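Place chain B on chain A using the hints.
Order-wise, the sequence lines are chains A and B.
If you want the numbering used here, it's the 1-based position in the first sequence plus 2.
If you want the numbering used here, it's the 1-based position in the second sequence plus 5.
Among these hints, one or two may not hold up.
What the hints assert, rightly or not - Distance windows between CB atoms, simulated:
1) B:Glu30 - A:Ala310: 22 to 32 Å
2) A:Glu322 - B:Gly91: 19 to 29 Å
3) A:Arg55 - B:Arg10: 51 to 61 Å
4) B:Val54 - A:Ala403: 33 to 43 Å
Calculated from the structure, these hints are not laboratory results.
Small disclaimer: the values here were computed from a predicted structure and weren't measured.
From the three backbone atoms N, C-alpha and C, an ideal C-beta is built for every residue, glycine too.
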Amino acid sequence: MAPVIDTLRLTAEGAKGLLERGEISAAELHAAYLDAIGVRDEELHCFLSTVDRPEGAGVPIALKDVISTKGVETTAGSKILSGYVPVFDSTVAARCKDAGLPLLGKTNLDEFAMGSSTENSAFGPTRNPWDPTRVPGGSGGGSAAAVSAGLAPWALGSDTGGSIKQPSALCGNVGLRPTYGTVSRYGIVAFASSLDQVGPVAKTVRDVALLYSLIAGRDPLDSTTAELPEPVRLPEADSLAGVRIGVPTELNEAEGIEPGVAVAVERAIALAEELGAEVGACSLPRSVRYGMPCYYLIAPAEASSNLARYDGVRYGPRVEDESYQEMVERTRDEGFGDEPKRRIMLGTYALSAGYYDAYYGRAQKVRTLIGEEHREALEQFDVLVSPTSPTVAFPIGERAADPLAMYLSDVLTIPSNLAGLPGLSIPCGLSEGLPVGLQLIGPQFGENLLFRVGHALEQALEFDTVPERLR
Amino acid sequence: MAISREEVQHVARLAWLALSPEEIERFAGELDKILDAIGIVAELDLDGVQPTSHPLDLVNVWDDDVPRDSLPREDVLANAPLADGGLFKVPTWRQ
Numbered sequence: 003m004a005p006v007i008d009t010l011r012l013t014a015e016g017a018k019g020l021l022e023r024g025e026i027s028a029a030e031l032h033a034a035y036l037d038a039i040g041v042r043d044e045e046l047h048c049f050l051s052t053v054d055r056p057e058g059a060g061v062p063i064a065l066k067d068v069i070s071t072k073g074v075e076t077t078a079g080s081k082i083l084s085g086y087v088p089v090f091d092s093t094v095a096a097r098c099k100d101a102g103l104p105l106l107g108k109t110n111l112d113e114f115a116m117g118s119s120t121e122n123s124a125f126g127p128t129r130n131p132w133d134p135t136r137v138p139g140g141s142g143g144g145s146a147a148a149v150s151a152g153l154a155p156w157a158l159g160s161d162t163g164g165s166i167k168q169p170s171a172l173c174g175n176v177g178l179r180p181t182y183g184t185v186s187r188y189g190i191v192a193f194a195s196s197l198d199q200v201g202p203v204a205k206t207v208r209d210v211a212l213l214y215s216l217i218a219g220r221d222p223l224d225s226t227t228a229e230l231p232e233p234v235r236l237p238e239a240d241s242l243a244g245v246r247i248g249v250p251t252e253l254n255e256a257e258g259i260e261p262g263v264a265v266a267v268e269r270a271i272a273l274a275e276e277l278g279a280e281v282g283a284c285s286l287p288r289s290v291r292y293g294m295p296c297y298y299l300i301a302p303a304e305a306s307s308n309l310a311r312y313d314g315v316r317y318g319p320r321v322e323d324e325s326y327q328e329m330v331e332r333t334r335d336e337g338f339g340d341e342p343k344r345r346i347m348l349g350t351y352a353l354s355a356g357y358y359d360a361y362y363g364r365a366q367k368v369r370t371l372i373g374e375e376h377r378e379a380l381e382q383f384d385v386l387v388s389p390t391s392p393t394v395a396f397p398i399g400e401r402a403a404d405p406l407a408m409y410l411s412d413v414l415t416i417p418s419n420l421a422g423l424p425g426l427s428i429p430c431g432l433s434e435g436l437p438v439g440l441q442l443i444g445p446q447f448g449e450n451l452l453f454r455v456g457h458a459l460e461q462a463l464e465f466d467t468v469p470e471r472l473r
Numbered sequence: 006m007a008i009s010r011e012e013v014q015h016v017a018r019l020a021w022l023a024l025s026p027e028e029i030e031r032f033a034g035e036l037d038k039i040l041d042a043i044g045i046v047a048e049l050d051l052d053g054v055q056p057t058s059h060p061l062d063l064v065n066v067w068d069d070d071v072p073r074d075s076l077p078r079e080d081v082l083a084n085a086p087l088a089d090g091g092l093f094k095v096p097t098w099r100q
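Okay, chain A solo, but in the shape it has when bound (with noise of 0.2 Å):
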């Protein structure tokens, strides 16, 4: 008889033991999963779709849906893209595949990735399993609540501007968005295409590390990726010492952090300096004041040229109209809810004629400035930290009617997404009972210093990973 299995407390690592020790089938395994999703996903609503008989051998995993999938269907959570079944795979659904890792199913998202709750669902949205009556960030709120619910072992998101990294420290996991190029967009469903990028959410360091050792480096169908200058190492060591950690005074003084965040990210870094690292202030004087709007120039820009494919002709549903111009506006007006709607509407003013140089030209050269500030801080730091969320998660509804309080959501994320660099978000404590991440930054490339940083830190603060109400 097979053991019993807790899924909120396996690993994948764990998983992975149990597997090649021949303690559990993998068929096994991932029945344990879809188990708990029957049980708790009513509730939570994490995925949009499940799988029945996947293929492979390993440890099962969820992916985010604008993620292609051969066969199962991808609708990045848009009504414009139910019914949706891609014909091809995206590169990293492949080298899962090839990696042996069955897939769960594909999770609940903000529509098209534009969001930080996942309430832009077209679906519905997910609920925060710390507290159903709270989001789990967005958003990828799907894959990182899955993965703390114990519905998956480890998932994949996509970040633009802080979607694996918020929801991951909403939901209390670790999510890693790697440095751009690293990782293959070839089968992603575009949203702004210089600063998407796909990344791991899992309840450990380790085991987001081993998941992105299995889809980083170059892919002949990206032409923007990279291969890694050194292979991914599964950190061990406990200690600090040597590691120069800066605090920047504007992520960590921002406006709208919660004290209860504030207070466990000092803790945090006063750890770390416990475990031998050296701690000094720095500054990024224009990062964050001029970080969130220089984002929403360029992402929505680069957004109403990636959405101009959904025209009503190769696939999604079709408004019928007389005229194909009726058609396809018509079309659109139905198919996309309000935030692709208000992100195309303002890329699209940011770009036209007679604003581009004041708009969208300011912004890519603000975003030369964010990087060189970012460079010149990690020249005297090897990694930079900050919450990696101004609050805790936040109630359902309390912020879906006011565009820019959702904006304000990503204001610590969003800055050094602008300038490329890798951000790992470890979970460090909690406030009024709900996990607050901590943002650990490095530089391009540099995901095994932020693997050892984060594990170092994650034993010693011992956070438990399991939603307290499912313990």
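For chain B alone, kept in the frame of chain A given last:
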């Protein structure tokens, strides 16, 4: 900078969105607020700053020209709302 209802309508046309009068009204208000918040990029002196279009310093990424099969035609058409005779079918262009 304020955005007028006429401008919203113009942008909607550029973006191929048949917005309802209610949507135009609402987006005018929302976009106004958002543009106000992001308009602060105008404060910075950006003379001589080069624009960033890509965060990595990749230049001329070459690959060998290896022929491979494209997707079969029936796969390409599989998700089309309307296809006929191996082609995507659409209504006629309004003159």
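Quick rundown of the hints versus the structure:
For the pair Glu30 of chain B and Ala310 of chain A, the supplied restraint of 22 to 32 Å holds, since their beta-carbon distance comes to about 25 Å. Between Glu322 of chain A and Gly91 of chain B the beta carbons are some 21 Å apart, a value that agrees with the proposed interval 19 to 29 Å. The supplied range of 51 to 61 Å is met by Arg55 of chain A and Arg10 of chain B, whose beta-carbon atoms lie about 54 Å from each other. For the pair Val54 of chain B and Ala403 of chain A, the beta carbons lie near 37 Å from each other, so the given range of 33 to 43 Å is met.
Of the numbered hints given earlier, the model fails none.
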